[in-house]
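Protein chains in written order, with our numbering: chain A, 1 to 468; chain B, 469 to 1534.
Think of the hints as simulated: they come from the structure by calculation, not from any bench.
These numbers come from a predicted model, not from an experiment.
Hints are not guaranteed to be accurate.
[Claimed, not checked] When the alpha-carbon atoms are kept at most 27 Å apart in a straight line, the in silico DSS-like pairs for lysine-lysine are as follows:
{"id": "1", "chain 1": "B", "residue 1": "K562", "chain 2": "B", "residue 2": "K1192"}
{"id": "2", "chain 1": "B", "residue 1": "K1192", "chain 2": "A", "residue 2": "K13"}
{"id": "3", "chain 1": "A", "residue 1": "K91", "chain 2": "B", "residue 2": "K1241"}
{"id": "4", "chain 1": "A", "residue 1": "K256", "chain 2": "B", "residue 2": "K913"}
{"id": "5", "chain 1": "B", "residue 1": "K641", "chain 2": "A", "residue 2": "K90"}
{"id": "6", "chain 1": "B", "residue 1": "K1187", "chain 2": "A", "residue 2": "K91"}
{"id": "7", "chain 1": "A", "residue 1": "K13", "chain 2": "B", "residue 2": "K1187"}
{"id": "8", "chain 1": "B", "residue 1": "K1085", "chain 2": "A", "residue 2": "K13"}
{"id": "9", "chain 1": "B", "residue 1": "K641", "chain 2": "A", "residue 2": "K13"}
{"id": "10", "chain 1": "B", "residue 1": "K1065", "chain 2": "B", "residue 2": "K847"}
{"id": "11", "chain 1": "A", "residue 1": "K90", "chain 2": "B", "residue 2": "K1241"}
Residues per chain are reported as follows:
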Amino acid sequence: CSADLENLNENIKDPLSVPGESLFTGAQKSLVDQVVDLNVNNNNTKLWAQFLQETTYTDESNYDQVTRTIPERHWSVLYKDVLKDLDEAKKVIAETTYPTPEEEELKPNKLVVIEILNVYAYSILVETFGDVPYTEALDIDNLLPAYDDGETVYKDLIARLTTAIGALDENKGSFGSGDRIYGGDVAKWKLFAASLKLRMGMLLSDVDPAFAKTTVESAVSTGVFTSNADNATYTYLGSDPNTNPIHANLVLSGRKDFVAATTIIDIMNDLDDPRRSLYFLPTDDGTYKGGNIGETSSYSAYSHVSAQIEEATFPGVILDYAEVQFLLAEARARLFDVGGTVKEHYDAAITASIIDWGGTDADAITYLATPAVNYDLAILASIAGTPWKDIIGTQKWIALYNRGLEAWTSIRLLDYPIMAIPDDAVSGYPNRYTYPIIEQTLNGANYTSAASAIGSDEAETKLFWDLN
Amino acid sequence: QEKTISGTVSDQKGLPLPGVNIVVEGTTDGTQTDFDGNYTIQGEQGQTLLFSYIGQKSVSKLIGALSVIDVVMEEDAEALEEVVVTALGISRDKKSLGYSTQEVQGEDLNTVKSGNFVNALSGKASGIQIKKNNNLGGSTNVVIRGNASLTGSNQALFVIDGVPINNTNTNSKYQGEASGNYYDYGNTASDINPDDIETVNVLKGAAASALYGSRAANGVIMITTKKGKKVQGMGVTVNSGITIGSIDKSTFAKYQDQYGAGYGPYYGPDEDDFFNMEDITGDGNLDLTVPYQEDGSYGGRFDPSLMVYQWDAFDPESPNYRKATPWINAKNGPISFFETPVTTTNSVAFAKSYEDDGSFRLNYTHFDQSGILPNSSIKKHNFSMSGSFKLSDRLSVNGYANYINTKAHGRNSTGYSDNIMSNFKQWWQTNVDLKDQRDIYFTTKRNVTWNPATSDAGSPPIFWDNPYWARYENYQNDSRNRFIGNVSLDYKFADWLSFTARVATDTYSEIQEERRANGSVPTSFGIPDSGGNRGNVDSGYGRRNLEVTETNYDFMFNVQKDLSDKLNLKVILGSNIRRSDFQSIYSATSGGLSVPKLYSLQNSTGPLALPVERDEKIGVDGIYASASLGYNSTIYVDATIRRDHSSTLPEDNSSFYYPSIATSFVFTNLLNADFLTFGKLRANYAEVGNSAPFDFLYDTYNVNIPPGAPSTSVDNQKKNPNLKPEKTESFEVGLEMRFFLNRLSFDMAYYKTNSIDQIFGVPVSRATGFEEKILNAGEIENQGVEISVSGSPVRTVDFNWTASVNWTQNKNKVVGLEEGIQNLQLGDFQGGVTLNAEVGKAYGIIHGTDYTYLNGQKVVDPEDGQYIKTATSDKTIGDTNPDWLMGISNKFSYKNISFSFLIDIQQGGSIFSLDQYYGRATGLYEETAFINDLGNPVRNSLADGGGFINDGVNPDGATNATRIRADRFGAFGYRRGLPDKAFVYDASYVKLREVALIYNLPSKLLENTFLTNASLSVIGSNLWIINKNIPHEDPEGGLSAGNLQGYSVGSLPTTRDFGVNLKLQF
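Construct the complete structure from the given sequences, taking the supplied hints into account.
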């Protein structure tokens, strides 16, 4: 009577095996979504960079990261939905024997592209938490992975990038249309990897200037982004769930939870920034107004994000040419040997940003001539201890609008512009995400040693690279 | 010729029997014996006296010439040897059972017509916890002897005439976690028609249910259906009843009536006023406008002389278009939204037996219920038929067939968002008049809401729909067609040997359809992604089709032999083959509906989301043996063993054995104590194995909606191909005694059950790339005491009083999880509250933020006067397990009238109220507007003497003296320092659960009619919550049956139900 028993309990509706490429595609989207998102449950950094401000429920504007367990979400998406899927993609692709030699020869490049995204995802984890599980991560036979020292991890990631850059074969393709950023263009991935290496190198410039210098110079010599055409932008689709997450949050939800923040609006107003109308909608009286940080703000009284940002297919950016030029400007300010002058890079960065957002060359020229923007004049006028950090930091921050994570990281590294103290702040300025509560309850011993290794598990604790 | 007859009644030992009923046959004249067994009665020669007494055979004596009639009564072995139905439908003498069972009569479950007979079990048996909720047709949680499984089902198994039936609850996990816009589709045991139930027997422990195998580890509700029996007349019973409900106001919000819409002094040009300035009339001047976008009542103080523009001034079809109206508390608050629920039940049954040939019974019941929310109803048609027929002296056939059609329309949405009850209890403007909302909806049939995004005519809502729009446009419906039936064949080889073969099936198909009309508030709708997130849309249509079938094949040999005068043996050898198949497909539109209000999948604006398809087939083949040896009707020993072969375990671990042994000792047979009529000790030990749920062995991938290219991802759960069966070990002792010829009886049991090697998803650090890993791990221990006492304090010819008490205490402990894992999160709720199984604590403790304490005093921040709460949400702030449960029932009967009532008590247990967490923050409740210690309204600004001082100490130990401002939202709710702990309440209650007054028409009245019996009853249920400690709601308020309890959000108010029922037999 039990002959048919063995045929039961079989899941005939979900696949037992899938192409590794589809896992890569899934992981890539999860990664970009998490970086781009502004949902208060997922990513607060546009609030913390004081680009935006909440209307009624101002908890996150006031640095509350516990109520909605945002660190848990961030951690979980990166490990579970990005790194695990990349890890699986790598395993499956490595084991796959492709039917044709043409497909077979794409394999090495595919594995390297996966490696580059791995590094990108881990770099965000280290930049947001500090010490994180790394050597023991992604192993389901080890339920309670130990944490690794953030700086060691970060330097290892840079080494992995260097290897990856060397391993890419520009004469061959990779993922093709499964890659929603570069359509499988390996040359672009190489530029991306070097630009990422540049960014990661610059992050270490306070804590280990010598290491930073070699890293940055080697990245630049490999070749970094040279124009907006190189930007790492993810192509979204017109319908849920494949739209830009901002569209889902601001349009599909019908909610009116965000207005512009006074911090960025005031600075852009002062500078008469040509990107102002590209970033924001004016209020009814035609002016640009931002809500006070941490205070209840009436939706109708303040500016909102511009129409293009709300578009379903507005591209998701994870690294761009403007940022690269700002990084080069910083590198020159630190006297790294990357060619050009600070001002040249600074001007190129601002121009690239304005053009990329839809402005014109003329807008850029006018803007760069403004005394408060003109690099030489602005440096002289700055009363900051390190004027270049003030001037580059502020302009880089403006250009990184809509890119909360990178803007927040830049603020933490360069310490400019100065963020307002929210009305009802529950902590000092958050220098990191606190560890997920679930790590405290599930992985207690490892959590405790990690917390003491970084100082303490608090929002204000400065991470290893954030000395000032 | 009438004369006086007297005499003495004694038992067979010659002892006088007090309280024996004596009636003159055919009359209502009667009397009782006194304490010495003596009686006197009037009677005529030729009449017959009937002597009756519980536990004794009735005696009839013809009145002759003598005027003294002494009677010796004989013990009625059958009456004392109560027969109960046990596992597999096997009848057993109750005294021979070594385990605890408790019987409830069908009529006691059919008095109150609630649509789910399970609700009526509450308080009527010990050891069982029934938790209904107020959702229309909602699911009821039935847990026997505590939660034993960490993440699996803890629901009792329902069995009809020996055959298990489906009691699935298809509610999603997200419904249980209170994500909004999900429905409670009920549990399918509610399909059982209480009209068909003869008795319910609760098999409590593992020993009682061991023969059912693994699936009965949570105890069994054994239902025996009514059969045809010998009756006077034609055997027809007609039952007709109507029940009308009214809201118990103590279970609904009591609002403050002094302040209206807003969140504080945040409006106007300078953002310091309670009102906005907008040009509403179109004359270019700014008008004083209510902050209509805000869904709270922390706004301006009501003032009838203040004229303001409200939502009703914006729409051209509104009578108040461009008109200002006085700023006042609404005349028709949310309570006026509710309608009077009416339930009618009509049934007709025919039941008869034909001496030696067999018997049959037919029943049809129609049930029709309207809910308290507009546009909601449940209708059921229930047809059943049972029969048995003797083909020969040796061979008989039995059959049972039940077809049920259930249709529900407009079930209430549950959870946090898009739930009208959360709207009313958390996010409401007290100035909004529901009658105006009703009028504008029915006038315009548009979503003209009190909560528009802008003051432009036709503005979409910002947070909440017009509640009438929500009820009449965004309704769901579902229907289920179900067949339950079995056919069995009994063959008697010899007096001592018989064979039974039975095929049984339970199958249903169900459709659930959900709608949102274009123009509604965008809300999460449709198919969730692997993280449970759903896209927000203003409109949509989703449907889920279910096909569920379970088939059981049973073969059983039954041996019953007296080995000697004193030694009796019963043996059962049997096998059970079970196959179940659960299929479902769920599909929903994406991005909204193209053509408004056309509810079809092909009307999707965006490409259809990938449907969710499931096909879960599992099977278990079991063989079992049971032997029962009885000695001299005094000592019994039962042993069983069962082997299951399950399809859900890996092949080399898929067969497992488990034994039980039970013994019963009727010690009164060895004693000679007059007061002690019956006494029995029982003890048992049982093990029950359990296999894994469907698909726990092998990993599969998730397929995503392609973002431009095929996309897949690794599942959140790591499966395990090396599972072994889980095991429950249980031990029980019990004592049953009856005194004074059954006038008083009690039954008590103590048990301890350990469920080990549990198969569940152990939560792991997400850094592993997974959320959980399936393992054999974990142990839960339940131990408890159950006591049932019943008695007849008064028993006379005309007046009887019987009373019974059931008392249950279960102590539950999570003994261990996986090595290194201290806590298992069972559910994650809004408000940062989680439900957990933590090692060393009871299953189902609530975690969240707590106050911080200094020497036992709550610590207050001297800067702002707010409590300082804990930084993390992992503090234990409640335990959902009650300390004990008690049901007290009393029945009084006088001649033809009987009156009964049941009081149901729960002591202890915790419940977190999200309604209070938010609703106090938004200033809805009466607790948020009062005169403070300075004699001023607490909502005055601090400068005007408002605010209050939190009890507690400052971090330096000084008594807190800092006044906290209460002129803006949050002061009394979640927002300003109050931890989750502040919203955890004691879930104890004392309820008058049922009251029934039944009048049986005297037979004299019926003499010349076709009727043989007629009764009229008046029934009340949930009439009075005598005591509770949670304000504004019912402590039983929950979301769904299942393991996630102790969390209340937007639940419907409880209704007091009054019913009238007429029963005619002919």
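Is K641(B) close enough to K90(A), meaning Cα to Cα at most 27 Å? violated, 33 Å
Given the hinted pair K1085(B) and K13(A), is their alpha-carbon gap at most 27 Å? holds, 12 Å
K1065(B) and K847(B): Cα distance at most 27 Å? Measuring from Cα to Cα gives roughly 25 Å; hence the hint holds.
Take the C-alpha atoms of K256(A) and K913(B), compute the straight-line distance between them, and say whether it is at most 27 Å. holds, 25 Å
Need the status of pair K641(B), K13(A): alpha-carbon distance at most 27 Å? Distance of about 20 Å is within 27 Å: holds.
Need the status of pair K90(A), K1241(B): alpha-carbon distance at most 27 Å? Holds, at roughly 22 Å.
27 Å Cα cutoff - pair K1192(B), K13(A): Given that 27 Å is the threshold and the Cα spacing comes to 25 Å, the pair holds.
Does the alpha-carbon distance linking K13(A) and K1187(B) stay inside the 27 Å limit? Roughly 16 Å separates the two Cα atoms, so the pair holds.
Against the 27 Å threshold, does the CA-CA distance of K562(B) and K1192(B) hold or violate the hint? Given that 27 Å is the threshold and the Cα spacing comes to 36 Å, the pair is violated.
Below or equal to 27 Å on CA atoms is what counts here, so check K91(A) against K1241(B). Cα-Cα ~20 Å, so holds.
Mind checking the alpha carbons of K1187(B) and K91(A) for me, to see if they're no more than 27 Å apart? Judged against 27 Å, a Cα distance of about 18 Å means the pair holds.
In terms of the numbered hints stated before, the structure departs from hints 1, 5, listed from lowest to highest.
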